[in-house]
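Participant: Given next are the chains, with one letter for each unit.
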Amino acid sequence: MHPLLTDQPGEKLLLLGNEAIARGAIEAGVGLAAAYPGTPSSEIANTLFQISRETDLCFEFSVNEKVAMEVAAAGAAAGVRTLTCMKHVGLNVAADALMTLAYIGIKAGMVIVTADDPSMHSSQNEQDNRFYARLSGLPMLEPANPQEAKEMTVFAFELSERLELPVILRTTTRTSHVRAPVTLGPLPETTRTKGHFEKEPGRFVPVPAVARARHQVLLQRGKEAQVMADGSRFNQRIGQGSLGIITSGVAVNYVLDALEALEIQDRVEVLKLGFTHPWPVGLLSEFLKSVETVLVVEELEPYLEEAARVVAQERGIKVDILGKASGHLPRLYEFNPAQIREVIAEVAGIEHHPPQRPDLSWLPELPPRPPSLCPGCPHRETYLIIKDVLKDLGEEAIYPTDIGCYTLGLLPPIQMADYLICMGSSVGSACGFSATTDQRIISFIGDSTLFHAGLSPLVNAVYNRHRFTLVVLDNETTAMTGHQPTPSQEIMPPGYEHPRVSIEEICRAAGVKKVVTINPYQKKEAREKVKKALEGRDLSVIVSRAPCILYARKFGISKAKS
Amino acid sequence: MKKIKILFVGVGGQGILLATRVLAEAALKDGVPVVASEVHGMAQRGGVVEANVLLGGYRSPLIAEGEADILVSFEPVEALRALNRCHEKSIIITSTSPLEPFTVKSGLASYPEIEPALSRIRDSFAKLVAYDAAALAREAGTAKAVNIALLGTLMATDMVPVSSQTVRETLARLVKAKFREANLKAFELGWQQWVAQR
Ligand code: SF4
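Heads up: the protein sequence lines correspond to chains A and B, in order.
Residue 562 is where the first sequence ends in the UniProt record's numbering, and the numbering goes up by one at each step.
Residue 198 is where the second sequence ends in the UniProt record's numbering, and the numbering goes up by one at each step.
Worth double-checking, as some hints may not be accurate.
[Claimed, not checked] In silico DSSO-like links for lysine-lysine, alpha-carbon gap of 30 angstroms or less:
(1) A:Lys554 x B:Lys176
(2) B:Lys178 x A:Lys12
(3) A:Lys12 x B:Lys29
(4) B:Lys3 x A:Lys12
(5) A:Lys387 x A:Lys529
(6) A:Lys554 x B:Lys144
(7) A:Lys199 x A:Lys223
[Stated by the list, open to error] Chain A regions said to be covered by chain B (calculated; three or more residues, Cβ under 8 angstroms):
(8) 176 to 183
(9) 252 to 263
(10) 350 to 363
[Stated by the list, open to error] Chain A is nowhere near these chain B residues, computed Cβ spacing over 12 angstroms in every case:
(11) Thr157
(12) Pro161
(13) Ser163
Keep in mind that the hints were calculated from the coordinates and are not lab data.
Values in this document were obtained by computation on a predicted structure and should not be read as measured data.
Using N, Cα and C, we set each Cβ at its ideal position, and we do this for glycine too.
Given the sequences, and given the hints that come with them, work out the whole structure.
Facilitator: Take a look at the structure:
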């Protein structure tokens, strides 16, 4: 049995924040979940997938986040509790669905988890997705630790059902990937996995007249949510004093530890916020009135800081608000406990002496250790073959690349990655380079990424006569995020058998005339084929197929056999 | 209860997350408050991996510069890289068997001399225990048990508010049966290194 199906309320398990969210969803009776993997959110989906093999839970890896959002939304419209999870940039992909979903709403609870990545441990930007809550008008919860992540997930389903709106659960890397004890709650006796969709065209089909009415409903629900945020048990005042600190998410921990270390718990009052959209305006205003100075400690953007300023201005409250605007805290990167301790000490006017650190000026220069393609990775072989062929042809190329392990082809000695924006951008940007340069263009994309966002721009390339070569690095899996399945794979994870979708056939059906398949380990043959594909400058697709060695190893398949 | 901040550092694939988990689960079993932060994702492709384990009642899951009470490093260069996270009274435990980054293999950077650096550490910090954990793991019967040998040394310090017996039991529970004996042996050999170098 999966450990997260343990039916012993009160028992404590050591869980990752992401596992705690999965457990919360199970406790809340989630019936359907859909996701596209992305670090730091991946373990939520992986865990729910494993659990779906032992229970009635219906789980799918969708081809992208927008599709996952649509799947979950429809399920919730049919009366089944649903969840979708994604990394922060994934919500950009799903944003189109999200914005109107907020209008039409849901029937059974729906939770949208977005995992932000301050400091960009595994991401291309550090956007603060709390603004999606403001943009869409949806309620949002921000857990501070794994225990809260679980409790808030359970509560998010209730809240969602009460307001008939999806609820956003926003984590950051240090709540997703923190391991701490979590006290289990009871499992539901039954879980609803099948519902019934009641037609309601005046609600679920947002033609302009319907949408106009629904926007009003959304605003009304927002007001109700605001009252709930004010009274939420996840928004707490802790301690007492003339110095106030407003904080949310993982920063809560840094603040509380700092107060303890500085021994000033009795001089400071903390407003710890977990239900952060809509802004708990009433609570904020009472808090601002009761202190002389306020320090706002939150990672990334000054979301709560702005809330505090707006509330103070609206209610004519005289209080000094310190934070990012005052330069006490940066808008860049994740916080650390020492930094927060120092800022609080400064604001509170306290001397404090961190432990002495020895002189390290003697340290020699250390060799950097950036992540790189695994030894023997099939992508490496493909890159080298293409490099060789181009050398033979005496040509150079621009290499638009995409999101996956192969992005590491950027590093020396390969250095075959020149331009990247987001999932699928290798194909779209190749279109742009093709229209504006005479250079040879060779784009790289992975199999999972192709299905995620590469197919539409490929159709665009055919239709608009763009000329480039797209190399599909088909390693049979989504390797970067931990080997989740992809539609074209032959080696399927047990319990996830599915029909195969052929990459070659799709490309041909889209109108690509030249589609070749190579095995990157069979170098001679592969080189011949690549050379042929690069004859002339027409649009061509090279599918380079060999399983990721780590993935193949899991299933006991050697690369020689591929 | 003793509060302590332990920093594990090493290279992707060295088993840092397992060592972290064994220690954290043992803490849970012993009723010691624990919070651990792990690095996932890209770093696993041969990059630097670190895990922060805070025991005894901290809420923050991170160890900042100058804050680690004990540094456990799976690789000598990574020990040097993490020294800025330590303070004068820190205990440093490190394996001495190098894992060359590809930047060194491809001639883009050079691997520093380790011996002189170790003697500097010995002078500047409270204690250094350094040994070839890879060799020790092989001696125990599985080359993979570098992580467990170092965990054994860590537990021998007597600084960790978790019972070493609970750690052994948790280890036995979490590793596959066929590696159990070798891992427990590695734990003991690592323990003896502390005793020998104390
Ligand atoms: S995980 Fe697989 S695809 Fe990624 S670098 Fe390693 S071998 Fe290559």
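Participant: Now look at each hint and say whether the structure bears it out.
Facilitator: Structure-based check of each hint:
For the hint pairing lysine 554 of chain A with lysine 176 of chain B, the CA-to-CA distance comes to about 16 angstroms; that is within 30 angstroms, so the pair holds. At most 30 angstroms may separate the alpha-carbon atoms for a hinted pair to count; lysine 178 of chain B and lysine 12 of chain A meet this at roughly 28 angstroms. Between lysine 12 of chain A and lysine 29 of chain B, the direct Cα distance comes to roughly 9 angstroms. Compliance with the 30 angstroms bound is thereby established for this hinted pair. Pair hint lysine 3 of chain B plus lysine 12 of chain A holds up; C-alpha atoms about 21 angstroms apart against a cutoff of 30 angstroms.
Proximity of lysine 387 of chain A to lysine 529 of chain A is assessed by CA-CA distance (about 14 angstroms); at most 30 angstroms being required, the pair is judged to hold. Pair hint lysine 554 of chain A plus lysine 144 of chain B holds up; C-alpha atoms about 17 angstroms apart against a cutoff of 30 angstroms. The straight-line distance between the Cα atoms of lysine 199 of chain A and lysine 223 of chain A is roughly 27 angstroms, inside the 30 angstroms bound, and the hint therefore holds. Against chain B, the segment 176 to 183 of chain A contributes 5 residues with a C-beta closer than 8 angstroms to a partner C-beta. That satisfies the three-residue criterion, and the hint holds.
Taking a C-beta to C-beta cut-off of 8 angstroms, the segment 252 to 263 of chain A contributes 5 residues in contact with chain B, enough for the three needed, and the coverage statement holds. Check result for the segment 350 to 363 of chain A against chain B: holds, 9 residues qualifying (beta carbon to beta carbon below 8 angstroms, three or more required). Its beta-carbon lying about 18 angstroms from the closest one in chain A, threonine 157 of chain B satisfies the requirement of being farther than 12 angstroms from that chain. The beta carbon of proline 161 of chain B sits about 15 angstroms from the closest Cβ of chain A, which is more than 12 angstroms, so the claim that it is off the interface holds.
Interface exclusion of serine 163 of chain B from chain A stands, the closest Cβ pair being 16 angstroms apart, more than 12 angstroms.
Violated hints for the displayed structure: none, as all numbered hints are satisfied.
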